[in-house]
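Generate coordinates for the entire structure from the input sequences, incorporating the hints supplied.
For the record, the sequence lines run as chains D and Z.
For the first sequence, the working numbering gives the first residue as 88, with consecutive numbering after it.
For the second sequence, the working numbering gives the first residue as 914, with consecutive numbering after it.
The hints are all genuine.
Estimated spans, in silico, between C-beta atoms of each pair:
id, chain 1, residue 1, chain 2, residue 2, range
1, Z, Leu1034, D, Glu124, 36 to 46 Å
2, D, Gly126, Z, Ser1136, 38 to 48 Å
3, D, Ser238, Z, Val1140, 32 to 42 Å
4, D, Glu163, Z, Leu930, 53 to 63 Å
5, Z, Leu1202, D, His393, 48 to 58 Å
6, D, Gly344, Z, Pro1133, 53 to 63 Å
7, D, Thr320, Z, Ser1136, 56 to 66 Å
8, Z, Arg1033, D, Thr320, 52 to 62 Å
A few chain D residues that face chain Z, going by a derived Cβ cut-off under 10 Å, partial list only:
id, residue
9, Ser184
10, His202
11, Ala250
Honestly, the hints are just simulated from the structure, not real lab data.
C-beta atoms are modelled at their ideal positions from N, C-alpha and C, and glycine is treated no differently.
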Amino acid sequence: MSLLEVRDLHVRFGQTAAVRGADIVVERGETHCIVGESGCGKSVTSLAVMGLLAKGAERRAARMAFDGIDLLPMNERALSRLRGDRIAMIFQEPMTSLNPAYTVGSQMAEVRTRHKGGTRRAALDRAEELLGRVGITAPGLRLGQFPHQLSGGLRQRVMIAMALMNDPELLIADEPTTALDVTIQAQILRLLAQLQAELGLGLMLITHDLGVVARVATRVSVMYAGQVVETATTAELFANPRHPYTRGLLDCLPVPGKLPPGSQLGTIPGMVPKLTEGFRGCGFRSRCAYAQPACEADIPLYGTTHLSRCVLSA
Amino acid sequence: MLALLVSLTVLTLAFTLTRLSGDLAISIAGPAATQEDVEMVRRAYGLDRPLLQQFFSWVGRAAVGDFGESFFFRARVSDLILERMPVTLTLGLVGLCIALVVSIPMGILAAVRENTWVDRLVQLVAMLGQAMPGFWLGLIMMIFFGLQLGWLPVSGTGSWEHYVMPGMVLAFSAIPALTRLTRSGMIQALGSDYIRTARAKGLSRFSILFKHALRNAALPVVSIASVQLGFMLGGSIVIESVFALHGVGFLAWESITKNDFPVVQAVVLVLACIYIALTLAADMLNALLDPRLRG
Chain D
88 MSLLEVRDLH
98 VRFGQTAAVR
108 GADIVVERGE
118 THCIVGESGC
128 GKSVTSLAVM
138 GLLAKGAERR
148 AARMAFDGID
158 LLPMNERALS
168 RLRGDRIAMI
178 FQEPMTSLNP
188 AYTVGSQMAE
198 VRTRHKGGTR
208 RAALDRAEEL
218 LGRVGITAPG
228 LRLGQFPHQL
238 SGGLRQRVMI
248 AMALMNDPEL
258 LIADEPTTAL
268 DVTIQAQILR
278 LLAQLQAELG
288 LGLMLITHDL
298 GVVARVATRV
308 SVMYAGQVVE
318 TATTAELFAN
328 PRHPYTRGLL
338 DCLPVPGKLP
348 PGSQLGTIPG
358 MVPKLTEGFR
368 GCGFRSRCAY
378 AQPACEADIP
388 LYGTTHLSRC
398 VLSA
Chain Z
914 MLALLVSLTV
924 LTLAFTLTRL
934 SGDLAISIAG
944 PAATQEDVEM
954 VRRAYGLDRP
964 LLQQFFSWVG
974 RAAVGDFGES
984 FFFRARVSDL
994 ILERMPVTLT
1004 LGLVGLCIAL
1014 VVSIPMGILA
1024 AVRENTWVDR
1034 LVQLVAMLGQ
1044 AMPGFWLGLI
1054 MMIFFGLQLG
1064 WLPVSGTGSW
1074 EHYVMPGMVL
1084 AFSAIPALTR
1094 LTRSGMIQAL
1104 GSDYIRTARA
1114 KGLSRFSILF
1124 KHALRNAALP
1134 VVSIASVQLG
1144 FMLGGSIVIE
1154 SVFALHGVGF
1164 LAWESITKND
1174 FPVVQAVVLV
1184 LACIYIALTL
1194 AADMLNALLD
1204 PRLRG
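The structure is reproduced here in structure tokens:
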């Protein structure tokens, strides 16, 4: 049984379809990266799994299960027993994701006592241990500090430590390094990869950085215009990309030694389509050199281990 | 420092405004007085001295709590005010408590049910409160609760029941602003990233609403509540005369009609100082609530 299984997820905000066919399977102990450009629906997919979509969002899916537990019929109360306990999440905005009115220690301790009970003292001890573990110096001192006294990198470390308070089985990280300095980005990624390996976490990492994917991912799902267009193991995807969008994306990636100095990087011509009511078929067809009439119908994911949502893969 | 400057400004205003209201000596001497009587009064009360000299001698004495003597009550102004202060303070606090108890839950409810009929109903009630004049509401309540139902006493200060109706009337004027501030503060807080984090942590709805959201939404409410309490203390002039509560407001009203300017000046000054103290207290309370405001 997979740790997380999402089949044919759809999310719409009024007239706009944000996600229109996301299939994601995360196995225990693997790092599954979801890549795609801004607005492709990767963040919305992760929020949909957590049940954290904004008011007014409409969600439906063929299946959405965590460790075999069906998440679809769950109400807020039932979901809240899983969230923060067995599934944890960290966000893109470390500067605003912590409550400014409470100390780091208080915010970390409450998630432990909420799900596991025990004394506040014990929870604070665990918080201190985890702050040390995510590489924060003087963790005892940090417990008593408020978020505004910490830098962005430190706050994201606090968020990571807080997510680990109850030993979750699945950690969803939504572009956890986007808002940070480049040097801090590398540190945070290294930390996440290291924790994932040590704790055997299932990590669902959302990013738009293919360099990150190459370094940490076990498996990759590429999203475009609200759909997962390709899924494969990292090595397979980089060596043998099937979907024209994935190929275009990899051509844009600067690889030392691949191109002679002074030559231009690849680009993908055209624009992302507007996903209004009634848009069907492949979202990439208007930019694709291989487009054909069949691309205007709904296309399933072809393949068994290396999946591709393209008529060429049929 | 700022508080001191504001007090000085108020001091000056209180002094000059009372002088602008006409020749005090004439009104003290009364309509039947001759020119000689008026001159005598003017000398007796020191009104013949240069204005600046009058001002500084008043300020000097006011600084040590001596506001002089009332022209009509034949008593020390400070005693008059001290004697009536408890009534006004009780009334103001009762009004504020009722206002907070009503408006905070209403504001939270409206925020949680944003853009539903519950929200609109709350806003409607708040608007009605804004539009209703206090003295009129006071009279209506007197007729209904006091005379027809006979539940509450209509006037006086004998027991706690005497404060219920005027307290409610005062509260009514503060409820609209406090409700709307609570509502907008809660809507903003509930849409914030840290509330999304709190939900991702699986915290209970109670903890999300009251621990995480309300604490941040409370800051503007605290600031405005202190201002409202100031308004209530000053604005109780109307309510105290409607309900015949012998507080500072009633005293102010009496002295204004009789041109008893030492009392008027002193009341204005004391209320202004309380106002300043309240604002200071609100700032300190906010610093307790929000660590970012601590120096």
